[in-house]
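Trainee: Keeping their order, the protein sequence lines are chains Z and B. Using UniProt numbering, you'd call the opening residue of the first sequence number 1 and step up by one each time. Using UniProt numbering, you'd call the opening residue of the second sequence number 1 and step up by one each time.
Just so you know, the hints here were simulated from the structure itself, not pulled from any lab data. Where a beta carbon is used, it is the ideal one built from N, C-alpha and C, also for glycine. Mixed in with the good hints there might be a few duds.
Label-pair restraints from in silico Cβ distances [stated by the list, open to error]:
(1) R76/Z <-> E172/B: 52 to 60 Å
(2) E147/Z <-> Q18/B: 24 to 32 Å
(3) E172/B <-> G113/Z: 31 to 39 Å
There are 2 protein chains.
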Amino acid sequence: MSKDMVTRWPVNMNKPLQKPTILNIETVARSRLFSVEQVSLAFSNGEQRVYERMRPSEREAVMIVPIIDDHLILIREYAVGTESYELGFSKGLIDPGENIYEAANRELKEEVGFGANQLTFLKKLTMAPSYFSSKMNILVAEDLYPETLQGDEPEPLIQERWPLAHMMDLLEDPDFSEARNVSALFLVREWLKMHGRL
Amino acid sequence: MSKDMVTRWPVNMNKPLQKPTILNIETVARSRLFSVEQVSLAFSNGEQRVYERMRPSEREAVMIVPIIDDHLILIREYAVGTESYELGFSKGLIDPGENIYEAANRELKEEVGFGANQLTFLKKLTMAPSYFSSKMNILVAEDLYPETLQGDEPEPLIQERWPLAHMMDLLEDPDFSEARNVSALFLVREWLKMHGRL
């Protein structure tokens, strides 16, 4: 089948969706990092609901998959949400004024000790959109050069290098289970395959 | 290279990681759904930090990928975090006393109108473990039979069926971008390929 014949699914489009009306938004809890909002909604069928969500933020994040000498570089970092050391790719919030490539390069220098001459955007991922607006941009970093920026980590991040030829073994590591990291791993494999590199 | 020769990576193991000591945990904000904790930590190198996280919960969730007539069934549902209709797989919290299979079957009946005679566990995913402890169990549902349970949705969920042969086209849909859904799509494809069905 030629590319032109690929049909977009589903074939039968549903009628356009009418979003619920937001009747009221109230901040019901606030800490240094988090603001919880209570949102009152009227759905188009007349049903009303009160939902809670984190206050939406325009600030997006980046996750960087660095490739050097046919290896991926990952870091092992303490996560207080699960009280465990987790294996994953370098990531961080985009600072005001930065684009995703600048943010990715800065985070890479802070957390991995490399800059990248080549950064490729792969996909923007959301996370539990019923509660959060956060968006994570996945990038591949290549053509790396040593450069370090001071980060705010309490202890040195431990680096691990995984050969591209065995990258999917990461899924067997119980410390590699975060959904955006798992997505990034698959997305990078697709990208490498598409370019004939795997 | 034979399977026996596959080496676990990385080859050079780092010294065992010593977790930071939790000095204090205090609830600093609370709403109906969310409890924010402030956690004071002393890292093994003496550095101290105060982090915020959501209060950990033992309650896990399930995400169900139903397959019928060589199609995936997805639902389109309003997400107040992003104020948009999102395309994804059926999901929900595990109720007290349920195992993951019972929870998956109940959610499937509530949200999709089917029960499943065959449920297969694929992987447990975490989400932003620096802040959350939540765990999502990904399952495939097959050998479906019509059965409906009353859910708590404010409006009927819109179902869409995607042919397995075109399942990866979902990644081109801007409404399909949630990290656990993207991971589930790739994991199901791996599983189908492993069983010679793709």
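Trainee: A separate judgement is required for each hint: does it hold in the structure or not?
Mentor: Now the hints, each set against the structure:
{"no.": "1", "hint": "R76/Z <-> E172/B: 52 to 60 Å", "verdict": "violated (34 Å)"}
{"no.": "2", "hint": "E147/Z <-> Q18/B: 24 to 32 Å", "verdict": "holds (29 Å)"}
{"no.": "3", "hint": "E172/B <-> G113/Z: 31 to 39 Å", "verdict": "holds (35 Å)"}
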